[in-house]
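Protein sequence lines, in the order shown, are assigned to chains C and E.
Under the numbering used here, the first residue of the first sequence carries the number 1, and numbering increases by one thereafter.
Under the numbering used here, the first residue of the second sequence carries the number 1, and numbering increases by one thereafter.
It is worth saying that the hints were derived from the structure and are not from the lab.
Which stretches of chain E does chain C cover? Using the computed rule of at least three CB atoms under 8 Å from a CB of chain C, they are:
| hint | segment |
| --- | --- |
| 1 | 38 to 51 |
| 2 | 138 to 151 |
| 3 | 201 to 215 |
Cβ atoms here follow ideal geometry from the backbone N, Cα and C, with glycine treated the same way.
Spelled out, the chains give:
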Amino acid sequence: MTTPTKTKAAPLAELKGDLAVLKEKFGDAVQPAEYEGVVIANDVLVEAARFIRDELGYRYLSSVTAVDYIQEGYFEVVYHAYRLEGGGPLVFKARTPRDVATVPSLVSVWPGADFQEREAWDLMGIRFAGHPNLKRILLWEGFHGHPLRKDWKEPYYEEEHKPFSSRWPSGHHVRAEDRVFWHDNVQYPLDWDPDQVEDTSDELLYIGMGQFARAETGELVEPKSLRTERLVVNMGPQHPSTHGVFRMVVTLDGETIVRLEPVMGYLHRNHEKIGERNMYLQNMPYTDRLDYICSMSNNLGYAIAVEKLLGIKPPERAEYLRVIMAEFTRIVNHLWAIGFLLNDLGAFFTPALYAIEERELILDLFEEASGSRMMCNYMRFGGVAHDVSDDWIARAKELVYNRLPRAIEELDRYLTHNELIKARCQGVGVLPPDLAVAYSTAGPVLRASGVPYDVRRAEPYSIYDRFDFDVAVRYNGDVYDRYLIRIDEMWQSLRILRQALDQIPKGEIQAGKKQYMIRVPAGQAYGRVENPKGELGFYIVSDGSPNPYRYHIRAPSFINLTALNEMCKGHKVADVVVILGSIDIVLGEVDR
Amino acid sequence: MDELRDLNTMPVPSELSNNVFVTTIDRFVSYIYNWGRKRSVWPMMFGLACCAIEMICAAASRFDIARFGSELMRPSPRQADLMIVSGTVTKKMVPQIVRLYNQMPEPKYVISMGACATGGGPFKEGYNVVSGIDKFIPVDVYVPGCPPRPEALLQGLLKLYEKIERQSVRAVPWYQRGESEAIPVPILGPDLIDPRRLPEIRARLAELRARQGASTETSS
Numbered sequence: 001m002t003t004p005t006k007t008k009a010a011p012l013a014e015l016k017g018d019l020a021v022l023k024e025k026f027g028d029a030v031q032p033a034e035y036e037g038v039v040i041a042n043d044v045l046v047e048a049a050r051f052i053r054d055e056l057g058y059r060y061l062s063s064v065t066a067v068d069y070i071q072e073g074y075f076e077v078v079y080h081a082y083r084l085e086g087g088g089p090l091v092f093k094a095r096t097p098r099d100v101a102t103v104p105s106l107v108s109v110w111p112g113a114d115f116q117e118r119e120a121w122d123l124m125g126i127r128f129a130g131h132p133n134l135k136r137i138l139l140w141e142g143f144h145g146h147p148l149r150k151d152w153k154e155p156y157y158e159e160e161h162k163p164f165s166s167r168w169p170s171g172h173h174v175r176a177e178d179r180v181f182w183h184d185n186v187q188y189p190l191d192w193d194p195d196q197v198e199d200t201s202d203e204l205l206y207i208g209m210g211q212f213a214r215a216e217t218g219e220l221v222e223p224k225s226l227r228t229e230r231l232v233v234n235m236g237p238q239h240p241s242t243h244g245v246f247r248m249v250v251t252l253d254g255e256t257i258v259r260l261e262p263v264m265g266y267l268h269r270n271h272e273k274i275g276e277r278n279m280y281l282q283n284m285p286y287t288d289r290l291d292y293i294c295s296m297s298n299n300l301g302y303a304i305a306v307e308k309l310l311g312i313k314p315p316e317r318a319e320y321l322r323v324i325m326a327e328f329t330r331i332v333n334h335l336w337a338i339g340f341l342l343n344d345l346g347a348f349f350t351p352a353l354y355a356i357e358e359r360e361l362i363l364d365l366f367e368e369a370s371g372s373r374m375m376c377n378y379m380r381f382g383g384v385a386h387d388v389s390d391d392w393i394a395r396a397k398e399l400v401y402n403r404l405p406r407a408i409e410e411l412d413r414y415l416t417h418n419e420l421i422k423a424r425c426q427g428v429g430v431l432p433p434d435l436a437v438a439y440s441t442a443g444p445v446l447r448a449s450g451v452p453y454d455v456r457r458a459e460p461y462s463i464y465d466r467f468d469f470d471v472a473v474r475y476n477g478d479v480y481d482r483y484l485i486r487i488d489e490m491w492q493s494l495r496i497l498r499q500a501l502d503q504i505p506k507g508e509i510q511a512g513k514k515q516y517m518i519r520v521p522a523g524q525a526y527g528r529v530e531n532p533k534g535e536l537g538f539y540i541v542s543d544g545s546p547n548p549y550r551y552h553i554r555a556p557s558f559i560n561l562t563a564l565n566e567m568c569k570g571h572k573v574a575d576v577v578v579i580l581g582s583i584d585i586v587l588g589e590v591d592r
Numbered sequence: 001m002d003e004l005r006d007l008n009t010m011p012v013p014s015e016l017s018n019n020v021f022v023t024t025i026d027r028f029v030s031y032i033y034n035w036g037r038k039r040s041v042w043p044m045m046f047g048l049a050c051c052a053i054e055m056i057c058a059a060a061s062r063f064d065i066a067r068f069g070s071e072l073m074r075p076s077p078r079q080a081d082l083m084i085v086s087g088t089v090t091k092k093m094v095p096q097i098v099r100l101y102n103q104m105p106e107p108k109y110v111i112s113m114g115a116c117a118t119g120g121g122p123f124k125e126g127y128n129v130v131s132g133i134d135k136f137i138p139v140d141v142y143v144p145g146c147p148p149r150p151e152a153l154l155q156g157l158l159k160l161y162e163k164i165e166r167q168s169v170r171a172v173p174w175y176q177r178g179e180s181e182a183i184p185v186p187i188l189g190p191d192l193i194d195p196r197r198l199p200e201i202r203a204r205l206a207e208l209r210a211r212q213g214a215s216t217e218t219s220s
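The shape of chain C in the complex, shown without the other chains:
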């Protein structure tokens, strides 16, 4: 077995700007880190986080993730915080030795860290001291090991990195089942007794919610001190309203929601572990399958993150094509979201049919450009995969100038002032702006709560700084505003599309020549884009090899769910369906 190597650069010599202020305040507890940011000592982490939030003004915690530096023998937890006025991140890190694996939790400072810390515990095995509900989130309670640790091997483990030598250059494919000891995608620890098989994952979940306790006989009983009329209802994972395999454990008092616990992981497809085995380019088609409605803009996020490390920029035409595809994707997504929000309201399938009709026309364009309707796999590092014809541009213009405005107008006319929609949506699922920021929500959910934060404006990427568009914002933070903001955003996307389609120049679509195996210089990069569902971020750590050392996805759907409990409290059980629909989640991205 080869242990992964890690070539670390020397720490930054001097700290500038806010990092220097931080250093001045906390002295030796703040040390410069390699590549970017600072390392904060664990004993002052919570205090420093509060200082960063309140004094330095980085109120929005975008991403929390962990990296396993097995060679150096420690875990590093990486935080990216942003100012709502825009600008770059403040990156700070916490370290803990691998055998200790404990850092203080920041949930008390940013409630939005909740799910992300649970994810780090689940996949990396780092305990967050003081976390109110530190349970596994993607896998089930009782799963053996923490898969993203570098020394944890999956059952079908073959080699650390692709291309596997058994397959390339001269090998051939062997069925994984024939190759491994268990003849299946499973492995059991040696000390496990198969006669004691018992599925306790659900019981542990209920006990964790304080709803049940285990009696001496082994049965689940309601704790005596908590004898109430409350009812626990499971919605999902097979439920027509959950937009996939999502599960909510709802505690009801009559029909009113007292508490809602989202349970996810039913579509946890191990993106990050597979991504760390893959070469950089091999990850591109996997990003399609994250948020499978918006494959184009997922591609863009990943390409931007890797381009940051590579230090290259795509040619003009490719930049325009990227923007065109990303904005078309936004329209596709919002049409879909509105259609299915109406589905959740009970207007069964008819509005969705109208939305899907327009979506199909855009998918035709995608198919012609990339070769695939849904999984486009279109972006490359430093460009795009294929050029488009003049005819394509003409048809895209026809859509943008004639067809789509009429379709959006139609949706707007039929739905916006519909009495039933108003009655069901207005004042339901309200998320006040301060909570929306605290919970790290992003995208339409954040902007419908009155926070005009859009990555395209706050930290422009690609060529978004050239276009004239407004950041849509609504102020009530209820389901109705989250619906309206999607209509607004589609109009803004059309504005951008008109400009981009009119201005697109001729020329190259790829910087340099196409490469299968790129070598990325050692470093760390956080690339983020404004996906239709919110801020999609890719955190990539490169050790200079053809494979990413760490590949983390900050998924907007996942983090937006942190606020679900807050939005649903006090509403009726029928409203849960609508509130969930208004957040617009895609399970491929929630569970990854």
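With chain C's structure known, arrange chain E on it following the hints.
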């Protein structure tokens, strides 16, 4: 009627040849019965991943699964004839899928839609991914693609019609004596456990322990 006439084994007088046909009861009943039900296969409203989106598109106006009589997606397994396993089957989800399958009334059919449901697909190497739903429940039609286009799903549905057409009322398992057995629901332990494989797991674990013990003895 042509295919029924082919079954004819008795000579029919020429003046009657357009008026009667001779067949076996089984084939006649099967023909009518299968003809009736093959055009109203109701799928379960059950989406797992990306393929579910294409399944919805197949149900929408452009591809219109209603042309084939399968537009009534039932949210409850009790009312469904067909389970379209549309997407990656994860270990955490597979107990629910098996439970849903067990809850469907017979006759029931399964279409495995897409690469993931068929064999794990691009995510096969993942630690939480089941290498194909057919490791747990019987599959009638596999539809390749990642994801399959809506047309491919419709083609899969037509293949299922062909399969239904060929079934004999006398031979199908759900009209035999006795109850059909439910599939044991997998258990989430330290990893996914298939109860049917428990004896094998026990034996292999013992083998692994013995091997481990031997290696520690030789090293010490």
